[in-house]
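As they're listed, the protein sequences go chains C and X. Residues 44 to 253 in our numbering are what the first sequence lists, from first letter to last. Residues 44 to 253 in our numbering are what the second sequence lists, from first letter to last.
It should be emphasised that the hints constitute simulated quantities derived from the structure, not laboratory data. Treat each hint with caution, since some may be false.
On the chain X side, residues computed to face chain C include the following (Cβ under 7 Å) [said to hold, decoys possible]: (1) Arg166; (2) Thr170; (3) Glu172; (4) Glu187; (5) Tyr188; (6) Gly199; (7) Leu200; (8) Ala203; (9) Ile209; (10) Leu212; (11) Ser223; (12) His230; (13) Pro239; (14) Ala242.
Derived Cβ-Cβ restraints for the label pairs, each shown as a range [said to hold, decoys possible]: (15) X/Asp184 / C/Asp241: 28 to 38 Å; (16) X/His93 / C/Leu70: 53 to 63 Å; (17) C/Gly182 / X/Asp184: 33 to 43 Å; (18) X/Asp54 / C/Thr82: 19 to 29 Å; (19) X/His93 / C/Asp111: 49 to 59 Å; (20) X/Asp52 / C/Leu108: 53 to 63 Å.
Glycine included, each C-beta is placed from N, C-alpha and C at the ideal position.
Protein chains: 2
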Amino acid sequence: MARGRRPGDADTREQIAEAARLRFAELGFDRTTLRSVATDAGVDPALISHYFGSKAELFATVVDLPVDPSVVIPRIVAGDPGTAGERLAVFALDLLTDEAKRTRIVSIVRSVTSAPESAAIIRERLTAELLAPLARAIGADQPEYRGSLLMSQIVGLTLARAIVRIEPLASADPRSVAASVAPALQHYLTGPVRPPDDAGAPGSQDGSPS
Amino acid sequence: MARGRRPGDADTREQIAEAARLRFAELGFDRTTLRSVATDAGVDPALISHYFGSKAELFATVVDLPVDPSVVIPRIVAGDPGTAGERLAVFALDLLTDEAKRTRIVSIVRSVTSAPESAAIIRERLTAELLAPLARAIGADQPEYRGSLLMSQIVGLTLARAIVRIEPLASADPRSVAASVAPALQHYLTGPVRPPDDAGAPGSQDGSPS
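For reference, chain C alone in the conformation it holds in the complex:
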């Protein structure tokens, strides 16, 4: 039924995107081929490149971020900057508690770790669209660096809690985890963070016996 549509139709683009979403969700990044997406969407494979570029770009485009930065950032920035880490922690843990969102996040993190070269795009997006702007909105210096540090903790938490399930973290009460992780996130948001190219010693390592 989709066959009669002209290429260039906005619907065609959406059909490709929807077929890609389903394939990526089902098979993951590696095992999804552009040819199979094209077949599912009833279009010529060349159209996919036309609309989306490479497979990695298609993936990055159709896998929506599980959160909307324009909603989340103001919510975390509102209030005392000294407790923003707590609000971010609660938000991240709530996401992992929501069944549908957790499934999407887990699928993204899995793709990211199994096909790092392509899925880096997703993580760059999460950092560039959500976490760095968050640090910037709070008025912190080095927002990009802080964003990538926040990312390392949040992705690690997702892995430990929802994918590999390391106990007792995996089964811990979400509010308890949020409270325990909040100071780390707060540090990355507003604490002293040394510039990435500053190679000075991190502190007094020398006085300790070995």
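Let chain C serve as the given structure and place chain X on it in line with the hints.
Quick look at chain X alone, frame taken from chain C:
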């Protein structure tokens, strides 16, 4: 030449282990079969189960931890407990800077995320043999919970820095990253961490405008 050995020989066990190490390193956990390991080692597949149990157990046994807890723990515990997070951060970043060790760590983290159900064993081991004992040696309460929180940050850091390479974290000077991550690790080691089953609110969320 190994064919003449009796089953039960300690050499047979080591031959299986060595064949498994090579296969896992080359193909990863999923694509390695016990049959191929048996062929490489010149033994009957049943011998593998006899010595090692399941494929997951074989994997956990032959993939050595990239660190020796009996060496690392005393080094991090020695000195002021208030700077142990810094020593742990420097140690973790040094590991990722060492080419050979980084390769092994990356291989372990990749297996862990691509085959979570089996490789959870590795992460449990890292937590149970290294990070929880570290928290215990420092005299912290809830060492297992602290160990799993430390794990979440260290694995996330490994992913961001060495696997997916999120910038500017990936290219940042290791000493700078260690200094920036140290307070988070210090918090997990000796800061206030709420028990995992304590469901109280993490703080004052209500006063902030929305």
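Hint-by-hint comparison with the structure:
1. Among the interface hints, the one on X/Arg166 holds; its C-beta lies about 5 Å from the nearest C-beta in chain C, closer than the 7 Å criterion.
2. With a cut of 7 Å, the hint placing X/Thr170 at the interface with chain C holds, because the nearest CB-to-CB distance is about 6 Å.
3. For X/Glu172, the suggested interface contact is broken, since its CB lies about 13 Å from the closest CB of chain C, more than 7 Å.
4. Against a cut-off of 7 Å between C-beta atoms, the interface hint on X/Glu187 holds, since the closest Cβ of chain C lies about 6 Å away.
5. Given hint, X/Tyr188 at the interface with chain C, holds; its Cβ is 5 Å from that chain's nearest Cβ, closer than 7 Å.
6. Checking X/Gly199 against chain C by beta carbon gives a least distance of about 2 Å; that is within 7 Å, so the hint holds.
7. This hint holds: X/Leu200 has a C-beta 5 Å from the nearest C-beta of chain C, less than the 7 Å allowed.
8. Hint status for X/Ala203 relative to chain C: holds, with the closest Cβ pair at about 4 Å, below 7 Å.
9. Hint status for X/Ile209: holds, given a least beta-carbon distance of 5 Å to chain C, under 7 Å.
10. Satisfaction of the interface hint for X/Leu212 is found here, the shortest Cβ-Cβ separation to chain C being roughly 4 Å, below the 7 Å cut-off.
11. Because the closest C-beta pair between X/Ser223 and chain C is about 5 Å apart, less than 7 Å, the hint holds.
12. Contact between X/His230 and chain C, as hinted, is supported at the beta carbon level, the nearest pair being about 5 Å apart and thus within 7 Å.
13. With 7 Å as the threshold, the beta carbon of X/Pro239 comes within range of chain C, its nearest partner Cβ sitting at about 3 Å, so the hint holds.
14. Interface restraint check: X/Ala242 against chain C, minimum CB-CB distance 4 Å, threshold 7 Å, status holds.
15. Between X/Asp184 and C/Asp241 the beta carbon distance is about 34 Å. The supplied range of 28 to 38 Å therefore holds.
16. Judged by the Cβ atoms, the range 53 to 63 Å given for X/His93 and C/Leu70 is violated: they are separated by roughly 36 Å.
17. Restraint check, C/Gly182 to X/Asp184: a C-beta distance of roughly 35 Å satisfies the suggested window 33 to 43 Å.
18. Checked against the given bound of 19 to 29 Å, the beta carbons of X/Asp54 and C/Thr82, roughly 53 Å apart, lie outside it.
19. Range check, X/His93 to C/Asp111: Cβ separation about 55 Å, and the 49 to 59 Å hint holds.
20. With their beta carbons about 56 Å apart, X/Asp52 and C/Leu108 fall inside the hinted range of 53 to 63 Å.
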